[in-house]
Amino acid sequence: NAGVTQTPKFQVLKTGQSMTLQCAQDMNHNSMYWYRQDPGMGLRLIYYSASEGTTDKGEVPNGYNVSRLNKREFSLRLESAAPSQTSVYFCASSQGGRIMFFGPGTRLTVL
Amino acid sequence: KQEVTQIPAALSVPEGENLVLNCSFTDSAIYNLQWFRQDPGKGLTSLLLIQSSQREQTSGRLNASLDKSSGRSTLYIAASQPGDSATYLCAVEDSSNTGKLIFGQGTTLQVKP
Chain A
2 NAGVTQTPKF QVLKTGQSMT LQCAQDMNHN SMYWYRQDPG MGLRLIYYSA
52 SEGTTDKGEV PNGYNVSRLN KREFSLRLES AAPSQTSVYF CASSQGGRIM
102 FFGPGTRLTV L
Chain B
456 KQEVTQIPAA LSVPEGENLV LNCSFTDSAI YNLQWFRQDP GKGLTSLLLI
506 QSSQREQTSG RLNASLDKSS GRSTLYIAAS QPGDSATYLC AVEDSSNTGK
556 LIFGQGTTLQ VKP
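Residue numbers (the working numbering), protein chains in the order written: chain A, 2 to 112; chain B, 456 to 568.
Same shape as in the complex, but just chain A (with noise of 0.2 Å):
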């Protein structure tokens, strides 16, 4: 088992492009979420999504799309990057309250 894979690892992006955040998980998971990490901020929800089909806001949405293409996948868009964007973006999933189980995280670097 792969467990949550997420791609690309790093990414510098200038202000105004656009890009796509891939994470895939293998363990049959209902749930996927997407979390990014900043120094002195902790971790915070940014999207999740609660079975295959469905998706929703969590506290930092603003500038985000995802989409969960099927069971497997949860992808996150960037459609006009910002500088505020730069930031460390974790991909995670889990079954029914259980442990949540996280990828290895893509830094992300807008200019």
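Just so you know, the hints here were simulated from the structure itself, not pulled from any lab data.
Heads up, the beta-carbon is just placed ideally off N, CA and C, and yes, glycines get one too.
Please note that a few of the clues may not be correct.
Listed next, the stretches of chain B that the computed footprint assigns to chain A, with coverage defined by at least 3 CB atoms under 8 Å from CB atoms of chain A [as the list claims (entries may be wrong)]:
| no. | region |
| --- | --- |
| 1 | 498–505 |
| 2 | 542–555 |
Where chain B lies over chain A, by a calculated footprint (3+ residues, C-beta under 8 Å) [unchecked claim]:
| no. | region |
| --- | --- |
| 3 | 46–53 |
| 4 | 99–111 |
Dock chain B against the given chain A, drawing on the hints supplied.
Coordinates of chain B only, in the frame set by chain A:
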């Protein structure tokens, strides 16, 4: 709004010492609480999960306790080792059972040989 606080923010101890990390939360209506470990530049790994009906969980040298009524959890690490050096985060899932976790900012632990 649920808030999770971890004290201290950083801790440095000599190898072999027993230590306690603290986590507090403002709303006692939680579904469960998890402790995670994060190594530099890596993702998070779940260490222990305590359901709201439980008082503690143990895994090897780690023991986590939960007191919902007072809004507190502790992570006890016995006989610390240099390999325990990492950031430890606690997170609570609220009673809505959506799986969403609210994280504390973590305690960065350094265990000196």
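8 Å C-beta criterion, at least three residues: is the region 498–505 of chain B covered by chain A: holds (count 5)
Within 8 Å of chain B (C-beta), three or more residues of the region 46–53 of chain A: n = 3 at 8 Å, threshold three: holds.
Outcome, coverage of the region 99–111 of chain A by chain B - at least 3 residues whose beta-carbon is closer than 8 Å to one in that chain: This one holds; 8 residues, not fewer than the three required, reach chain B with a Cβ under 8 Å.
Per-stretch coverage check for the region 542–555 of chain B, three Cβ contacts closer than 8 Å to chain A: Coverage by chain A holds here, the residue count being 7 at a Cβ distance below 8 Å.
Figure legend: structure checked against the earlier numbered hints; every hint is met.
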